[in-house]
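There are 2 protein chains.
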Amino acid sequence: MPVELNLNYTQNYVRPHELEAVWPQVAAAHNSLHAGTGLGNDFLGWIDLPVHYDKEEFARIKAAAARIKKDCQVLIVIGIGGSYLGARAAIEFIQSPQYNSLPKDTPDIYFAGNSISPTYLNEILRLCEGKDICVNIISKSGTTTEPALAFRVFRELLINKYGPEGAKTRIYCTTDKARGTLKELAAREGYECFVIPDDVGGRFSVLTACGLLPIAAAGCDIDAMMRGAADARSAYSAADMDKNDCYRYAAMRNILYAKGKAVEVLVSYEPAFAMMAEWFKQLFGESEGKDGKGLYPASMIFSTDLHSLGQFVQDGSRVMFETVVDIGTPRADFFIKEDAENFDGINFLSGQNMSIVNDKAKQGTILAHIEGGTPNIVLKIPEMNAYEFGFLVYFFEKACAISGYMLGVNPFDQPGVEAYKRNMFALLGKPGYEEERAALEKKLK
Amino acid sequence: MPVELNLNYTQNYVRPHELEAVWPQVAAAHNSLHAGTGLGNDFLGWIDLPVHYDKEEFARIKAAAARIKKDCQVLIVIGIGGSYLGARAAIEFIQSPQYNSLPKDTPDIYFAGNSISPTYLNEILRLCEGKDICVNIISKSGTTTEPALAFRVFRELLINKYGPEGAKTRIYCTTDKARGTLKELAAREGYECFVIPDDVGGRFSVLTACGLLPIAAAGCDIDAMMRGAADARSAYSAADMDKNDCYRYAAMRNILYAKGKAVEVLVSYEPAFAMMAEWFKQLFGESEGKDGKGLYPASMIFSTDLHSLGQFVQDGSRVMFETVVDIGTPRADFFIKEDAENFDGINFLSGQNMSIVNDKAKQGTILAHIEGGTPNIVLKIPEMNAYEFGFLVYFFEKACAISGYMLGVNPFDQPGVEAYKRNMFALLGKPGYEEERAALEKKLK
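So the sequences go chain by chain: X and V.
Everything in the first sequence is counted per the working numbering, starting at 1 for the first residue and increasing by one.
Everything in the second sequence is counted per the working numbering, starting at 1 for the first residue and increasing by one.
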């Protein structure tokens, strides 16, 4: 299997019968999910997406990616949250965190509209100087503050650089199929459009056009990605306790939460996994963090963070467990040669590939951490490629849905995100928020 | 003051007398620290470092930085933990996270030896192709696995490229003043050396040569940085409850911990702060995460993460509080123009600088989060420059020392870091670990 779950390193903390004890809850969650009777059941489009996606649009995405490659050296991808993290995670996982710096025949990709920092925006503009540019704006409504602001700036830049007609062939809109300000503008201007489906929430959208266009533009094999997701869909379609690792993972994290763990740390030994962990944190944090509940989602990259946060994991507050993503084969290995002098005393590492050392570091760390009181769940994946990315995305999405239902929340909404937006609009003097503004300004201190 | 503490947004959770109630503990911590009678008192060199540093070495560091700028297009900085995070945090904070990509008259800087990923090492090697290279290896002993491995590789590369003599002028060693394998090698080969002081631990070492050489090589003003730290040293030298914001911050985080908060989230609204937050996480996590105690240190960049983890902060498990670093003036602002059509409906944002919008987002978020049950501590700093970096580093270092003593731990050791290393050595067959190896292999499952 492309993901293998190992629960052996939870045995000091969880008794053999405990998984069995919660399995009826797993089965109930499965039934709610597949019958479409649970909370948030208008957002279940992701379940069958890997097989029931729009094939015509998929072909258009590949054609657009090919055109982008021909037309520009820089692709600006404008989006925030679920319209940002998935694509970036995929590009770093499948290609590299150094994607932009490394030699390649695809454009550099910069993400914009994911903060309100003018410093960041100015820097991205500077990186575009003298380059040919295309833009992919990803926004369901077209009015979300961060991407809307950035799109104004880059649209104007394209119009100034290429003229109104030239700009039209360089702007790609991923938005609602029918409504919203971005859809209206695109229709009027003739920008090519791709669809954010109504029944797929932002954090579940990486396998829609939201993720697919930038990922394809970065030269990743999106066919393999969808195949991976489709295989995961088949693999985790039944609530079978012996076979469904996805559900067993969901169950185990709920067991550990019920036993008092407050933080789940997603760990990997590859820097290229860092953004995938950010994607994971949104998926689980936004799905489960509501009604005063949920595991706080955190992440670390080892061995890097063993030298910063390792002390805490080993011996600090016993608030966390680790979920270790163990990657079998690195993208490129490195043979450690013997040094005749052994001046640094590390010849005991030599005569083998560096991946072996990384692997032993992983084994040694797991044993040390469980000894220290931190349970470890291990997810083994064979390598980091497009197929594996699709498989893992689906694994986590389905685990998240099951886990959220077990926790008793609606895993598909995010009502809490509106609170800061409302305050921000009021403080910025958005028409219609006048009364709230006065009340809020009194609270500032 | 270069750092202004605002505790008003904790008032829903902490009563007025509580700070007063713990002040005797603050005073006791202060006395232990300044009398040198507390745990870990052989690692207090950081306290007076901003004024009592080695001026001759400081001048040599600046000269070396100037030589590096002349000699290479790529500086490889080899180090892990405290020999990595501080320098990287400073370069991103003072220059930019896009430092390598942006036009400049200083070399690109790549960090190596901070993981065991062969994929990452291969990529860094690829980025060096055709470039002139210098290396700064930072390691007290010279035998720490990650940096030692990377140093073997880059040293060989330099010798192959420039010959043994040429390589000598391109290798800079930051290490123990007298002992260790790296010191021995450097002495024999004639590499220029800088000192990691005996009484300054890794996570407190950014203002020593560990941080200073790479930071200076990136074109940052290290004089201003030391001045900032020296000013902070003066500002926070007395346990005066009305004036010492550093101690009040330390006290408040202990109060919130005692009231049940498990996670401190360091928040900023500037992407350039992200690595500073990683540095913070090591500082506090490694200092306090021991004996089963400590706040789990986490970080977020807003508004980016408001669209991923904002839901959790607003309405998930009430396990955290936020410490918001509020940056007054951005490095570069951006004026938002009116759009004649207002196609996106965001003209209410126009006619002002983007930093105002970022600021209102911050205010709105603080009010929303405290309403949702997450206390907010606010640290206001005027801008992101070298002086401010030095000031903030010292602020956090001293807060960490006081906070650790209040918590009842030794804030200056990290015994838990050894556990995984011992296991790793045994599993890798390091001579002397034979018995442990057999025992460990039996535990792998």
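Just so you know, the hints here were simulated from the structure itself, not pulled from any lab data.
C-beta: ideal position from N, C-alpha, C; glycine also.
Possibly wrong hints are sitting among the right ones.
Calculated pairs, PhoX-like style, for lysine-lysine (alpha carbon to alpha carbon, straight line, at most 25 Å) [said to hold, decoys possible]:
no.	chain 1	residue 1	chain 2	residue 2
1	V	K430	X	K259
2	V	K380	X	K104
3	V	K430	X	K293
4	V	K380	X	K380
5	X	K261	V	K337
6	V	K337	X	K168
7	V	K380	X	K421
8	V	K259	X	K337
Some chain X residues well away from chain V (every beta-carbon gap over 12 Å; in silico) [stated by the list, open to error]:
no.	residue
9	G38
10	Y53
11	C72
12	T106
13	R126
14	D132
15	L149
16	K177
17	R188
18	D240
19	D333
20	F335
21	R422
22	A439
What follows is a list of derived Cβ distance ranges for each label pair [stated by the list, open to error]:
no.	chain 1	residue 1	chain 2	residue 2	range
23	V	R188	X	K161	55 to 61 Å
24	X	M1	V	Q11	25 to 31 Å
25	V	D242	X	F348	56 to 62 Å
26	X	M1	V	D105	26 to 32 Å
27	X	L39	V	G345	49 to 55 Å
28	X	P415	V	S32	46 to 52 Å
29	X	E129	V	G345	39 to 45 Å
30	X	R188	V	G328	50 to 56 Å
31	V	N12	X	H34	53 to 59 Å
32	X	D198	V	D242	52 to 58 Å
33	X	A21	V	A258	49 to 55 Å
34	V	G328	X	N41	26 to 32 Å
Results of checking the hints against the structure:
1. V/K430 / X/K259: This hinted pair is violated, its Cα atoms lying about 38 Å apart.
2. V/K380 / X/K104: Distance ~42 Å between V/K380 and X/K104 Cα, so the pair is violated.
3. V/K430 / X/K293: Violated, at roughly 46 Å.
4. V/K380 / X/K380: violated, 44 Å
5. X/K261 / V/K337: With a Cα-Cα distance of about 49 Å, the restraint between X/K261 and V/K337 is violated, given a limit of 25 Å.
6. V/K337 / X/K168: Cα-Cα ~21 Å, so holds.
7. V/K380 / X/K421: holds, 22 Å
8. V/K259 / X/K337: violated, 54 Å
9. G38: holds, 18 Å
10. Y53: holds, 24 Å
11. C72: At about 16 Å from chain V, X/C72 clears the 12 Å cut-off, so the statement holds.
12. T106: holds, 16 Å
13. R126: violated, 6 Å
14. D132: Given a closest Cβ separation of 17 Å, the condition holds.
15. L149: Given a closest Cβ separation of 7 Å, the condition is violated.
16. K177: holds, 18 Å
17. R188: violated, 9 Å
18. D240: holds, 23 Å
19. D333: The claim is violated: X/D333 sits with its nearest Cβ about 5 Å from chain V, within 12 Å.
20. F335: violated, 9 Å
21. R422: About 8 Å separates X/R422 from the closest Cβ of chain V, which leaves it inside 12 Å; violated.
22. A439: violated, 10 Å
23. V/R188 / X/K161: 55 to 61 Å: The hinted range 55 to 61 Å holds for V/R188 and X/K161, with Cβ atoms some 57 Å apart.
24. X/M1 / V/Q11: 25 to 31 Å: 53 Å Cβ-Cβ, so the 25 to 31 Å window is violated.
25. V/D242 / X/F348: 56 to 62 Å: Given about 57 Å between the Cβ atoms, the range holds.
26. X/M1 / V/D105: 26 to 32 Å: Cβ of X/M1 to Cβ of V/D105: about 52 Å, so the range 26 to 32 Å is violated.
27. X/L39 / V/G345: 49 to 55 Å: violated, 31 Å
28. X/P415 / V/S32: 46 to 52 Å: With Cβ atoms ~47 Å apart, the hint holds.
29. X/E129 / V/G345: 39 to 45 Å: violated, 30 Å
30. X/R188 / V/G328: 50 to 56 Å: violated, 41 Å
31. V/N12 / X/H34: 53 to 59 Å: Violated: the Cβ-Cβ distance is about 43 Å, outside 53 to 59 Å.
32. X/D198 / V/D242: 52 to 58 Å: This hint holds: roughly 57 Å between Cβ atoms.
33. X/A21 / V/A258: 49 to 55 Å: Hint violated: Cβ distance 34 Å, outside 49 to 55 Å.
34. V/G328 / X/N41: 26 to 32 Å: Once the Cβ atoms are compared, 47 Å apart, the range 26 to 32 Å for X/N41 and V/G328 is violated.
Hints 1, 2, 3, 4, 5, 8, 13, 15, 17, 19, 20, 21, 22, 24, 26, 27, 29, 30, 31, 33 and 34 from the earlier list are contradicted by this structure; the remaining hints agree with it.
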